[in-house]
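S.K.: Each chain is listed here by its residues.
2 protein chains.
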Amino acid sequence: MTVPELHSELDYVEYLPKKAAVVGCGVIGAAWASRMLLKGVNVMVADPSPDAEAILLEVLGNAVAAWDDLGLPTDKQGSYTMAGSVAEAVADAEFIQESAPERPEVKVAVLAEIEAAAPADAIIGSSTSGIKPSVMQADMANPERLVVGHPYNPVYLLPVVEVVGGDQTTLENIRRAQGMYAAFGMRPIHVRVEIDAFIGDRLLEAVWREALWLVNDGVATTQEIDDIMTHGFGLRWAQMGLFETYRIAGGVGGFRHFIEQFGPTLDWPYSKLMDTPDFTPELVDTLVEQSNAQSGMHEIRDLERIRDQNLVGFLKVLEGNKWAAGNVVAEQRKG
Amino acid sequence: MTVPELHSELDYVEYLPKKAAVVGCGVIGAAWASRMLLKGVNVMVADPSPDAEAILLEVLGNAVAAWDDLGLPTDKQGSYTMAGSVAEAVADAEFIQESAPERPEVKVAVLAEIEAAAPADAIIGSSTSGIKPSVMQADMANPERLVVGHPYNPVYLLPVVEVVGGDQTTLENIRRAQGMYAAFGMRPIHVRVEIDAFIGDRLLEAVWREALWLVNDGVATTQEIDDIMTHGFGLRWAQMGLFETYRIAGGVGGFRHFIEQFGPTLDWPYSKLMDTPDFTPELVDTLVEQSNAQSGMHEIRDLERIRDQNLVGFLKVLEGNKWAAGNVVAEQRKG
Chain A
2 MTVPELHSEL
12 DYVEYLPKKA
22 AVVGCGVIGA
32 AWASRMLLKG
42 VNVMVADPSP
52 DAEAILLEVL
62 GNAVAAWDDL
72 GLPTDKQGSY
82 TMAGSVAEAV
92 ADAEFIQESA
102 PERPEVKVAV
112 LAEIEAAAPA
122 DAIIGSSTSG
132 IKPSVMQADM
142 ANPERLVVGH
152 PYNPVYLLPV
162 VEVVGGDQTT
172 LENIRRAQGM
182 YAAFGMRPIH
192 VRVEIDAFIG
202 DRLLEAVWRE
212 ALWLVNDGVA
222 TTQEIDDIMT
232 HGFGLRWAQM
242 GLFETYRIAG
252 GVGGFRHFIE
262 QFGPTLDWPY
272 SKLMDTPDFT
282 PELVDTLVEQ
292 SNAQSGMHEI
302 RDLERIRDQN
312 LVGFLKVLEG
322 NKWAAGNVVA
332 EQRKG
Chain B
2 MTVPELHSEL
12 DYVEYLPKKA
22 AVVGCGVIGA
32 AWASRMLLKG
42 VNVMVADPSP
52 DAEAILLEVL
62 GNAVAAWDDL
72 GLPTDKQGSY
82 TMAGSVAEAV
92 ADAEFIQESA
102 PERPEVKVAV
112 LAEIEAAAPA
122 DAIIGSSTSG
132 IKPSVMQADM
142 ANPERLVVGH
152 PYNPVYLLPV
162 VEVVGGDQTT
172 LENIRRAQGM
182 YAAFGMRPIH
192 VRVEIDAFIG
202 DRLLEAVWRE
212 ALWLVNDGVA
222 TTQEIDDIMT
232 HGFGLRWAQM
242 GLFETYRIAG
252 GVGGFRHFIE
262 QFGPTLDWPY
272 SKLMDTPDFT
282 PELVDTLVEQ
292 SNAQSGMHEI
302 RDLERIRDQN
312 LVGFLKVLEG
322 NKWAAGNVVA
332 EQRKG
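Read top to bottom, the protein sequences are chains A and B. Numbering of the first sequence is given in the working numbering, commencing with residue 2 and proceeding in unit increments. Numbering of the second sequence is given in the working numbering, commencing with residue 2 and proceeding in unit increments.
Hints listed in this document are in silico derivations from the structure and should not be mistaken for laboratory results. There could be a bad hint or two in this list.
Copies of the same chain look alike in the list, so a pair counts if it works inside one copy or between any two.
Pairs of lysine to any residue, SDA-like flavour, derived with a Cα cap of 20 angstroms [claimed, not checked]: (1) LYS323 x GLU305; (2) LYS323 x ILE307; (3) LYS20 x MET83; (4) LYS133 x ASP218; (5) LYS323 x HIS299; (6) LYS323 x GLY297.
When you get a sec, could you build the whole thing from the sequences and use the hints?
M.R.: Written out as structure tokens, the structure reads:
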């Protein structure tokens, strides 16, 4: 077994593009645009929906409120332009972030539209949460500059972005993309092996599958599952991941002691699930009913506001303790 | 499909036992004892290890520091006694928490020792993270008072405890156990259907399995996986669980819109893993080497201190925002 090269912060050089384009301006695209605007980048936005600008303004409002609360500057904003077409949006861009609907044929079509008008060396990042870049770039004219740049919502607050190249992406362009994401105030992690769903969504998919079966089988409600997360291991994972947490469980003997102590338990076949349950009308109704009972007393906009307030508070705590995501905020404050 | 009765806060009555016993005083047992002592309960402790008292004092020190930092009272501590035997520890106890090694035959033997000396109606809670209470209680004389009370470490800070009854446990005793855990400042969630690993560890097991394969297959290092968690979805789950987060993703259309929008994607077979990889010496070495590279610069005691500082900070943020685990802290402050 080879131990892969560790991710190094030094592999890329931060570079803030002067002109950027956001193609697809739903919640994710609007949050990308907000992050870039707050960093002073001028952003061209393309989205066929008549609601796109309203979504952008609402998300930008949330982002400005959150950055104000966090004490990051919000007074050097770039300007945005709603472009009439993808071609118009990308014509001058150094960096383009694609956040179109999550269907391979849509992604391929949108990428073709982008390429027809964009500079040949512009970096194109895709927000896909699972489609391999090799699939998306197969028919591109300049496939070497396509990366996946997979963010986590709210994109204007959560710093991580998974950067994944395909067969035809050059390492140089992966580094260029990392440098731009870093300049947007993010922590770009290079996913060195191309797999479906990358790293984070592999973990999320596993939890999702398990949680859906628990609801489907009547073992637990959505609220009970969420409560166990938010009052238990969720608080751990906001600051230390699975492995660092288990290292502590191993005590002074470290990770080897943890494996020796818990190894057999860890291998117990608590679950052999492979699939998600079928989304039958009954299961969908159950999920909707339980979710309404759990959260229906809050408007979605209120939930977003509460979420952002909590995240801002957590990031301040982590920055004060010089730990994890707090260090990314500290870097931003310097820059 | 039946929608199970929602967990109700009103099903139990808080009751602080005057005398409690902790059987098994490793990190988990010591943290249970610390939580009880800080609430003013007198605790008898039984553990055959000569290190047990030192572990208790170290964990209690961490717990006092954390509660001081959180602004919870630490001046009404109960007293602890290191008992010479399990029999001595449990003879007078109203409540007994068992935290023996995680092997069914050990649990059964320790429970028999407890029962031989404890009052017949004392509640016995087991810290097992996966063994079914029905299995543990099969040969008990008074099986109706055995529950699983599965906590999350650090037990003195994380409020959740999963309360699970077996075939022979009465609902009345489940409610009595919930009332005692609540009096220790916890959020007792009744797991109404008895399954291996209950709810939280089913989710943890799914993530663990996926993460181990990612390391085993050389896709990612322990540090990269942890970084993606702590800079991404970990920050989400400290305040909103899987379902509430996805409800937000559905926008004003709510959970039904989320399922409709993402349903097909959610069903993509990103992963078909059923098992953990074999813990070959090579895999163990890889894990240890990567964990050392990631966290080896910190002593375990320092990691514990940093973890607790971060948790205290998060709990204060959540309390200020009247949200999730912060509400449990607010309740404690009143009491």
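S.K.: All hints, please: hold or fail.
M.R.: Quick rundown of the hints versus the structure:
1. LYS323 x GLU305: between (26 angstroms within a copy, 15 angstroms between copies)
2. LYS323 x ILE307: between (24 angstroms within a copy, 10 angstroms between copies)
3. LYS20 x MET83: Within. Shortest intra-copy distance 14 angstroms satisfies the 20 angstroms Cα cut-off; inter-copy 69 angstroms does not.
4. LYS133 x ASP218: between (33 angstroms within a copy, 18 angstroms between copies)
5. LYS323 x HIS299: Intra 34 angstroms, inter 14 angstroms, cutoff 20 angstroms: inter-copy only.
6. LYS323 x GLY297: Cα proximity of LYS323 and GLY297: across copies only (17 angstroms, versus 37 angstroms in one copy).
Going through the hint list in order, the structure satisfies each hint without exception.
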